[in-house]
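Student: Numbering (my numbering), first residue to last: 365 to 858.
Keep in mind the hints are simulated off the structure, nothing from the lab. Check the hints yourself; a few may be wrong.
Stated by the list, open to error - Below are the PhoX-like pairs computed for lysine-lysine, each with C-alpha atoms no more than 25 Å apart in a straight line:
hint	residue 1	residue 2
1	Lys728	Lys676
2	Lys649	Lys676
3	Lys706	Lys472
4	Lys698	Lys649
It should be emphasised that the depicted structure is a prediction, and the values quoted were computed from it without experimental measurement.
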Amino acid sequence: MRSEIVLPEPGAERVPWRTVLMPLLIYGFFIVVLWFLFQQVEHQKGSRGGILALGALGLFRYGWLTVNLVRSYMYRFVAFPRMRRAADAIQQPYPEQVHFIIPTFKEKPWVTKEMLISVTREAASIPSLVRLYITTGGPDEDVIVRDVLAKCPPNPRLSVYMMRQAGKRYGMAFALRAAARTNLGEPSSVVILMDGDTLLGSGILRKSLPFFALRPKVGGITTNNIAVTNGPQWYRDWYTLRFSLRNRYMCSTSLSGKVLTLTGRFSFIRSEIALSDEFIERVEKDSIDDWVYGRIEFKTGDDKSTWFTLLKNGWEMLYLPDTYIYCLENAGDKPFRESVGKMRRWFGNMLRNNGRALALGWNKVGLFAWFSLLDQRISMWTSLVLPTGVLILIFTESPFVVVYFALWVLYTRLIYLCALVVEGHRMSNWDLPLLLYQQWVGSFIKIQTFSDLRRQKWGAARGDARNMQDRFGALQTTLWFGIFGLIVALLVLS
């Protein structure tokens with residue numbers, strides 16, 4: 365059974381330099397204009413003191429970015445190619461069994477069809493026994509799954525188990541327990557956790573599974589992502605930029621044998637971990653204790669729960685930049701609101717797990733990964749220092765400060781985007797404003813989320829019993845921003 369949609373080839377992400385010429389010309393023009401204005405106002409009295417204070421903080425931020433950039437290049441172009449050659453040379457690279465855990469819920473029929481086509485195609489490419497555990501949302505989805513599988517080429521090594529369980533976490537736990545009963549104690553088996561709207565890139569199993577044989581201490585592997593989105597051009601470019609940034613930081617942390625998440629869309633985990641009681645119980649029901657709201661049970665973020673289990677038990681984790689999945693993303697009727705909602709969910713899952721991961725200490729987590737986790741908390745504040753400080757200086761010293769600010773932002777972000785292009789990013793005219801949107805609006809959302817970690821169902825109606833807690837969360841956010849503004853004002857005006 366053939367796929368009916370055309371997916372971008374991974375090589376399409378490596379766009380020739382001529383395609384970035386137009387964005388470079390546009391941003392270069394604005395830099396020249398701002399430089400001309402800078403020459404006219406650079407001797408404005410009193411506009412330098414605050415800039416120097418903000419510049420010192422900027423050096424810290426860009427120093428950390430440079431460290432990640434260098435580490436990313438080292439992994440991508442030095443360390444990983446060696447690992448790839450070693451993995452390709454293994455004589456028996458594949459596990460005895462591979463278990464797919466695939467929760468689906470009210471996916472469009474064509475999405476389920478394309479997902480299953482990609483899974484069965486890749487299952488046929490390896491000699492392992494492959495078992496699919498598909499949890500569906502209702503009988504209509506059962507019919508679609510059976511129809512698609514009936515039309516796929518027969519594979520005697522493929523078994524399919526269909527089940528139904530309310531809730532994604534409960535469905536995954538139910539499927540994992542079923543896999544544990546059929547695994548027959550095979551120590552080399554691998555479990556794959558994936559979403560029902562994920563399509564597998566060509567050769568992903570053949571390229572990824574040998575790393576478990578190569579590195580016995582590796583407990584989990586995650587892969588590169590390509591976004592397949594609808595909606596306006598800026599929304600598609602935003603996703604492309606986001607995945608390029610993800611690739612950068614994944615490569616950087618993977619150099620130390622850790623990643624900061626095992627992506628829920630598609631990740632490999634050793635069966636001795638994934639089929640253990642500890643792992644299944646954390647997937648099924650995970651929680652943290654918050655000093656304000658008490659016990660917070662996780663409704664989303666199952667990928668962070670699986671990641672924390674591996675981190676807590678000292679397993680290594682790897683990122684494979686040359687293997688791909690395709691993420692089907694819907695912009696909805698209101699793309700801007702959709703993007704904000706996604707950031708709230710991503711950052712909420714991140715921050716709910718950040719504290720307990722930091723509490724493990726750098727001896728367990730690893731020094732660089734631990735500082736990367738710490739930076740997740742620091743960066744949401746430091747990213748807003750510059751725009752906040754500039755606003756203060758505009759009203760207290762000179763409105764011409766905005767020229768310095770705009771020139772600095774354009775210059776530094778353009779260099780940053782060019783560094784991404786070297787790694788294969790496809791630059792667009794939207795990239796610079798989207799980078800600022802991701803950084804500044806994202807930081808605001810992080811702070812808002814950090815003030816109320818309990819919120820996981822964004823925009824949902826709440827009962828009166830929780831109104832007081834909602835008000836307290838809003839009060840916390842206001843208080844945090846008030847303290848932050850005061851500190852920045854003292855820094856800038858001192």
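Student: Evaluate each hint against the coordinates.
Tutor: Right, here's what the structure says about each hint:
Proposed proximity of Lys728 and Lys676 is supported: the alpha carbons are some 7 Å apart, at most 25 Å. As the CA atoms of Lys649 and Lys676 are separated by approximately 17 Å, the hinted pair is consistent with the 25 Å bound. Only pairs whose Cα atoms come within 25 Å are accepted, and Lys706 paired with Lys472 is accepted, the gap being roughly 20 Å. Proximity of Lys698 to Lys649 is assessed by CA-CA distance (about 32 Å); at most 25 Å being required, the pair is judged violated.
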